[in-house]
Amino acid sequence: VERLRHQGMAKNTYMRWRLPLICLLWEVAMIVLFGVFVRFGPEADAHWEEEKKELNLTSDLENDFYFRYPSFQDVHVMIFVGFGFLMTFLKRYGFGAVGFNFLLAAFGIQWALLMQGWFHSFKNGKILIGVENLINADFCVGSVCIAFGAILGKTSPIQLLVMTLFQVTLFSVNEYILLNLLHVKDAGGSMTIHTFGAYFGLTVTRILYRPNLEQSKDKQGSVYHSDLFAMIGTLYLWMYWPSFNSAISEHGDAQHRSAINTYCSLAACVLTTMAFSSMLQKKGKLDMVHIQNATLAGGVAVGTSAEMMLTPYGSLIVGSISGIVSTVGYVYFTPFLESRLHIQDTCGIHNLHAMPGLIGGIVGAITAAAATEDVYGREGFIKAFDFTGEYQMRTPSVQGGFQAAGIVVSLLMAFVGGGIVGGILKLPIWGDAAAENCFEDEVYWGVPEDEESDAYHMHNPDKPASP
Amino acid sequence: VERLRHQGMAKNTYMRWRLPLICLLWEVAMIVLFGVFVRFGPEADAHWEEEKKELNLTSDLENDFYFRYPSFQDVHVMIFVGFGFLMTFLKRYGFGAVGFNFLLAAFGIQWALLMQGWFHSFKNGKILIGVENLINADFCVGSVCIAFGAILGKTSPIQLLVMTLFQVTLFSVNEYILLNLLHVKDAGGSMTIHTFGAYFGLTVTRILYRPNLEQSKDKQGSVYHSDLFAMIGTLYLWMYWPSFNSAISEHGDAQHRSAINTYCSLAACVLTTMAFSSMLQKKGKLDMVHIQNATLAGGVAVGTSAEMMLTPYGSLIVGSISGIVSTVGYVYFTPFLESRLHIQDTCGIHNLHAMPGLIGGIVGAITAAAATEDVYGREGFIKAFDFTGEYQMRTPSVQGGFQAAGIVVSLLMAFVGGGIVGGILKLPIWGDAAAENCFEDEVYWGVPEDEESDAYHMHNPDKPASP
Amino acid sequence: VERLRHQGMAKNTYMRWRLPLICLLWEVAMIVLFGVFVRFGPEADAHWEEEKKELNLTSDLENDFYFRYPSFQDVHVMIFVGFGFLMTFLKRYGFGAVGFNFLLAAFGIQWALLMQGWFHSFKNGKILIGVENLINADFCVGSVCIAFGAILGKTSPIQLLVMTLFQVTLFSVNEYILLNLLHVKDAGGSMTIHTFGAYFGLTVTRILYRPNLEQSKDKQGSVYHSDLFAMIGTLYLWMYWPSFNSAISEHGDAQHRSAINTYCSLAACVLTTMAFSSMLQKKGKLDMVHIQNATLAGGVAVGTSAEMMLTPYGSLIVGSISGIVSTVGYVYFTPFLESRLHIQDTCGIHNLHAMPGLIGGIVGAITAAAATEDVYGREGFIKAFDFTGEYQMRTPSVQGGFQAAGIVVSLLMAFVGGGIVGGILKLPIWGDAAAENCFEDEVYWGVPEDEESDAYHMHNPDKPASP
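In the order they appear, the protein sequences are chains A, B and C. Taken in order, the first sequence gives residues 1 to 467; the numbers are from the working numbering. Taken in order, the second sequence gives residues 1 to 467; the numbers are from the working numbering. Taken in order, the third sequence gives residues 1 to 467; the numbers are from the working numbering.
Everything labelled a hint here was simulated from the structure, so no lab data went into it. Computed from a predicted structure; not experimentally measured. Heads up, a few of these hints could be off.
Identical chains share a label here; the pair holds if one copy fits it or two copies do between them.
No farther apart than 27 Å at their CA atoms in a straight line, the calculated lysine-lysine pairs in the DSS-like style are these [what the hints assert, rightly or not]:
hint	residue 1	residue 2
1	K123	K283
2	K285	K219
3	K217	K285
4	K285	K126
5	K52	K126
6	K285	K123
7	K283	K11
8	K282	K11
9	K52	K283
10	K52	K123
11	K285	K11
12	K283	K426
13	K217	K123
14	K126	K426
15	K126	K217
16	K283	K217
17	K426	K219
18	K53	K283
19	K383	K52
20	K426	K53
21	K11	K383
22	K217	K11
23	K426	K285
24	K426	K123
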């Protein structure tokens with residue numbers, strides 16, 4: 001421990017002034033910007049009483065709050081408990097996983113409310129927010145949590161905050177291009193959240209490549225109970241994914257359909273993941289890494305198409321394939337990426353988010369291109385793809401083309417943005433740890449000195465209790 | 001470890017080809033069957049836009065999604081986190097508890113969508129699914145999770161999948177007999193889920209009786225932190241049980257009433273469980289096994305009657321009694337069942353599900369028989385028991401009789417079905433472990449080689465780190 | 001262990017007859033009182049079918065169940081998992097934290113349904129309950145969970161039940177004075193729940209002062225995994241706090257607004273907590289105690305004002321300040337309170353609930369005093385503050401005054417009530433443990449004899465496995 005502290009010093013991981021300064025300055029900036037720009041949307045404003053009459057609404061239930069709040073809370077759990085605990089699998093980085101995820105997400109949602117607000121909720125000089133904005137802010141931060149997975153254990157909290165600032169900005173730009181300029185559908189964010197977030201994170205970790213990372217190899221694994229903590233994250237992501245993909249779909253059948261498709265896709269994904277996890281291990285044993293991660297690929301892979309008429313069997317097919325791709329990725333691609341491309345991907349986001357995200361984008365493009373008025377009904381067709389106004393003449397195949405373009409744009413934004421941000425994060429001023437201290441909470445956290453051993457009276461009298 | 005592997009081999013627990021084959025073949029079967037049969041129900045289909053007009057619905061909120069989705073998500077959490085983590089109490093079977101529960105439930109919900117769909121949602125050759133089908137599929141799988149509790153630690157994942165296949169089938173038949181032929185009410189499933197699931201599981205474990213199970217006795221206990229993991233499962237089951245019992249009740253007062261009755265019953269159950277847990281231990285100390293399990297009996301025991309006019313004080317009485325019965329069961333019945341009847345019930349499902357399930361069925365029969373138009377109101381009476389069509393002349397006492405018949409049918413289905421399925425699972429081809437390797441994750445899982453000790457630098461230099 | 005048991009005996013912590021007797025007698029009392037008084041409210045009663053027609057309700061959705069049930073479930077999770085797991089941070093008191101919290105809350109909600117029912121839902125000799133009563137009962141118990149935090153590890157389960165009985169009673173009286181007599185707004189309970197609960201608990205722990213508590217100092221800390229368990233509690237409290245503050249607000253915009261304000265306040269709070277946690281530690285490392293607790297102060301501090309037009313930037317300001325105050329409290333005030341004022345506050349509720357609660361009350365008073373018809377709209381203004389009937393002439397500044405009076409009343413009730421109840425709990429008949437056995441589950445729980453070491457084959461052959 002003493003050794004570790006010294007070496008930490010050598011790389012100067014001392015956070016005492018830098019971290020507080022950034023946190024406080026940025027929070028003040030948020031307050032000022034919120035003060036200038038952010039107000040309650042009409043459904044959250046006390047004037048709603050009057051608005052209701054004007055709009056001839058007969059019930060308080062018509063407030064969007066009641067359509068979306070339960071889904072919002074599920075998404076909220078996914079971001080903070082889901083992503084946070086999923087990353088606690090490392091034996092000595094549980095505080096960092098949960099705690100830094102908490103920090104970056106708490107900052108990110110504020111900044112996302114502003115960025116997305118300027119693009120989508122800006123009226124008369126004010127950003128008017130409601131529950132849908134909260135969901136979108138959580139979504140945006142989700143892409144940062146994904147990128148965090150690639151660099152988990154190798155970055156300082158300051159680097160994470162800096163990355164969050166830039167990534168939220170780029171996310172919002174990319175989202176604006178996709179949703180508003182290309183008029184693309186992506187309710188569950190296969191492209192905007194997963195493809196963008198994952199390739200952004202992979203680019204960043206490539207640039208932050210650490211040649212001596214094997215010095216902390218012993219800490220890159222899990223222990224028995226850390227794997228169980230991670231399963232909490234896995235299961236909450238898995239269970240609430242139907243809410244994720246349906247949270248911002250159109251009221252009514254679209255939300256309903258998104259939930260069903262996602263439920264089916266995820267169920268299928270579990271079976272193919274288990275199958276390949278066992279098949280690809282010599283002794284046929286199941287690998288917790290796959291169960292923790294690849295079982296979720298089915299949610300990613302229907303992120304674009306879930307609100308479309310993908311149909312339950314279509315969802316099963318997509319979920320099955322993505323589970324296979326993801327598991328194979330963990331076994332073959334991750335080692336390849338690390339050894340050949342120097343992409344050190346701590347959580348394997350390439351397998352859980354990048355590839356399934358691409359699948360999701362492609363499935364979305366195909367499903368859109370294959371849409372017919374017969375399948376959707378005349379009105380349902382228009383509503384599902386929002387073929388109104390300037391888009392009323394767009395055909396399904398054209399829509400499919402634009403959907404495909406959305407994938408390409410997301411990839412470009414991720415590579416270029418990730419490259420720039422990676423370069424910024426490489427500056428030697430952010431306080432990241434030396435290679436031998438990676439994946440170790442002790443660097444940035446006060447870790448209890450009383451080891452677990454102590455609690456169980458298991459001192460070995462031959463050596464000191466804690467080194 | 002080496003020893004364990006060899007002996008595992010002796011019993012051939014090698015899963016590499018068998019498990020993948022079953023998972024993949026069955027998933028393909030699901031895809032084919034879903035392709036042929038499963039489509040979106042009207043409220044999840046894009047044609048709903050038009051349907052809404054035909055039905056003269058003024059608001060998207062009238063979509064069943066908004067009535068049931070929050071409850072669905074709570075039920076979903078109960079199945080995957082609730083049951084999964086409840087079973088992590090074993091010191092060395094946490095992966096199996098959470099992971100196999102995940103596997104069997106993910107397969108089970110697909111098969112349940114089909115089986116229940118054919119019985120209840122079949123129109124013009126298609127199964128039309130919506131959120132209520134998802135809830136019912138989760139319910140059905142709940143009965144498999146219950147049975148899993150009896151055989152926890154003693155079966156291979158293949159056996160669990162085979163059991164799931166058969167149990168879901170039998171569940172659906174039993175449910176059809178009860179709900180459609182006997183016209184029985186059982187919204188929270190005291191009979192269909194708990195009584196059937198538990199006695200099915202107990203019959204299976206009786207047939208799979210292992211005379212030498214004391215060879216793995218040292219692994220049948222908990223450790224400090226595994227007991228805390230189990231409490232996560234307990235609390236989520238306890239908290240969300242009001243959603244479980246109300247999830248498929250009629251819209252409006254019935255859902256409302258179910259939630260209140262269940263809330264009351266569960267609260268009372270905690271107090272009587274604590275009382276008897278302390279009273280039945282010589283030193284008066286509380287036993288985590290009781291707290292983890294018997295506190296939930298109150299939810300089981302109002303499963304049939306929660307949507308009826310059981311009244312809050314009636315719920316307190318039922319909850320109090322079931323807590324006592326369940327705790328007494330853990331102290332006296334479980335050892336008796338094991339030593340005399342050779343029923344090895346790992347999680348004590350006889351105490352948590354079987355006996356409280358019977359209580360629930362009986363309370364339901366009595367509550368139904370005691371119903372009067374005075375208490376329910378004329379219209380409420382008809383709505384509560386669905387006394388319309390061919391059942392419009394049925395009286396409360398007759399209904400009570402049919403409810404009682406429902407218990408008997410469920411028991412018969414459980415014993416006969418469990419006997420047959422137990423016989424199938426006894427075939428020596430499914431890869432279960434030898435008695436001395438039961439309750440041990442190492443058999444089917446890659447377990448981190450770095451033991452917890454390692455993470456805490458507690459190596460004892462006198463002996464090798466891992467045997 | 002043997003030593004511990006003997007000394008425990010010396011203080012007579014034997015629960016075998018006392019605890020069961022109290023649990024059973026009180027549960028019987030609940031049943032009798034529920035039998036005499038508690039019935040379903042109109043929206044949960046089977047007569048609702050008829051009531052709906054009389055009230056001309058066109059949809060089942062108008063049942064309050066659909067407005068509040070999702071929030072209720074979130075609040076329920078906060079009480080049982082949130083508070084329960086937040087307190088598992090102690091290395092050897094996890095069973096007590098989760099288990100006793102479970103016990104006292106399960107009793108408390110029953111007693112609260114009665115107490116609050118008599119004050120607020122009493123009609124024609126009956127208490128008519130619905131989902132809002134369940135939420136309020138959970139709220140009331142929340143104040144007991146808070147007080148539990150101050151005395152965690154130092155009291156017997158009987159003392160906790162006795163405290164619950166009295167605190168729920170006093171809470172209900174205080175709540176009645178505030179809401180009905182002073183006509184104060186306090187939807188999220190900054191005053192009624194947090195200020196009252198915390199100062200009540202601090203007064204109790206002051207009176208139960210243990211001069212020799214340093215004898216169990218070694219058990220007052222955390223271990224690595226107990227800190228992660230505590231983070232489960234933290235995150236569920238943090239994520240669901242928007243539901244807490246909006247759960248009983250008026251339908252429509254008020255619920256919507258409460259959720260947004262709380263979301264914003266909590267996000268800001270995380271950043272200032274992290275900043276000060278790092279800043280106030282010599283080595284600049286983050287302290288899990290702060291992250292686990294102070295990050296939640298933002299939810300407490302907008303408890304009164306969240307449903308008002310606090311605005312998002314106002315929420316950020318309040319959240320930022322409360323995070324700072326709370327973290328500073330942990331570093332400087334808690335040691336001061338212990339050494340100078342003999343207030344031993346195990347969980348630091350003074351920092352998490354008392355000070356932020358006061359801030360919340362004050363912010364609420366200011367926000368109310370600053371309200372204008374311009375900001376709220378004529379109708380919104382009346383609806384927000386319920387300025388109808390006898391209160392129709394009340395002005396915002398008068399309302400602000402009454403809000404301030406509410407703080408004072410809550411404090412008085414807490415000090416006087418806490419003093420009396422503390423005196424009662426000091427009687428030597430309740431079975432609390434000796435100072436050297438505090439913070440130790442072994443006193444009241446059967447703790448697994450197989451230590452974790454055992455599971456990992458780490459026996460040290462030189463000494464016996466368990467002392």
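Against the structure, the hints:
Proximity of K123 to K283 under the C-alpha cut-off of 27 Å is found in neither arrangement, the shortest distances being 61 Å within a copy and 47 Å between copies. In this assembly of identical chains, the alpha carbons of K285 and K219 lie at most 27 Å apart whether taken from the same copy (23 Å) or from different copies (20 Å). Taking CA atoms no more than 27 Å apart as the test, K217 paired with K285 passes in both settings, with 23 Å inside one copy and 24 Å between copies. Neither within a single protomer nor between protomers do K285 and K126 lie at most 27 Å apart by alpha-carbon distance, with minima of 57 Å and 39 Å respectively.
Proximity of K52 to K126 under the C-alpha cut-off of 27 Å is restricted to the intra-copy arrangement: shortest distance 21 Å within a copy versus 36 Å between copies. For the identical chains of this complex, K285 and K123 are neighbours neither inside a copy (57 Å) nor across copies (43 Å), given an alpha-carbon limit of 27 Å. Taking the closest pair of Cα atoms, K283 and K11 come within 27 Å of each other only across two copies (14 Å); inside a single copy the shortest separation is 42 Å, beyond that limit. For the homomeric pair K282 and K11, the shortest alpha-carbon distance between copies (18 Å) is at most 27 Å, but the shortest distance inside one copy (41 Å) is not.
In this assembly of identical chains, K52 and K283 lie within 27 Å of each other by CA distance neither inside one copy nor across copies; the values are 65 Å within and 55 Å between. With identical chains, the CA atoms of K52 and K123 are at most 27 Å apart within one copy only, with a shortest distance of 19 Å there and 32 Å across copies. Taking the closest pair of Cα atoms, K285 and K11 come within 27 Å of each other only across two copies (15 Å); inside a single copy the shortest separation is 40 Å, beyond that limit. In this assembly of identical chains, K283 and K426 lie within 27 Å of each other by CA distance solely across copies; the values are 24 Å between and 41 Å within a copy.
For a Cα distance limit of 27 Å, the shortest separation of K217 from K123 qualifies neither inside one copy, at 52 Å, nor across copies, at 58 Å. For the homomeric pair K126 and K426, neither the shortest alpha-carbon distance inside one copy (36 Å) nor that between copies (58 Å) is at most 27 Å. For a Cα distance limit of 27 Å, the shortest separation of K126 from K217 qualifies neither inside one copy, at 50 Å, nor across copies, at 54 Å. Proximity of K283 to K217 under the C-alpha cut-off of 27 Å is found in both arrangements, the shortest distances being 23 Å within a copy and 26 Å between copies.
In this homomeric assembly, K426 and K219 come within 27 Å of each other (Cα to Cα) only inside a single copy, at 23 Å, whereas the closest approach across copies is 42 Å. In the homo-oligomer, the alpha carbons of K53 and K283 never lie at most 27 Å apart, since the shortest distance is 68 Å inside one protomer and 59 Å across protomers. For a Cα distance limit of 27 Å, the shortest separation of K383 from K52 qualifies both inside one copy, at 24 Å, and across copies, at 14 Å. For the identical chains of this complex, K426 and K53 are neighbours neither inside a copy (56 Å) nor across copies (59 Å), given an alpha-carbon limit of 27 Å.
Within a single copy, K11 and K383 get their C-alpha atoms no closer than 56 Å, and across copies no closer than 59 Å, so neither meets the 27 Å cut-off. Taking the closest pair of Cα atoms, K217 and K11 come within 27 Å of each other only inside a single copy of the chain (19 Å); across copies the shortest separation is 35 Å, beyond that limit. Taking identical chains as interchangeable, the C-alpha atoms of K426 and K285 lie at most 27 Å apart only when they sit on different chains, with a minimum of 22 Å there against 39 Å within one chain. For a Cα distance limit of 27 Å, the shortest separation of K426 from K123 qualifies neither inside one copy, at 39 Å, nor across copies, at 61 Å.
The earlier numbered hints that this structure contradicts are 1, 4, 6, 9, 13, 14, 15, 18, 20, 21, 24.
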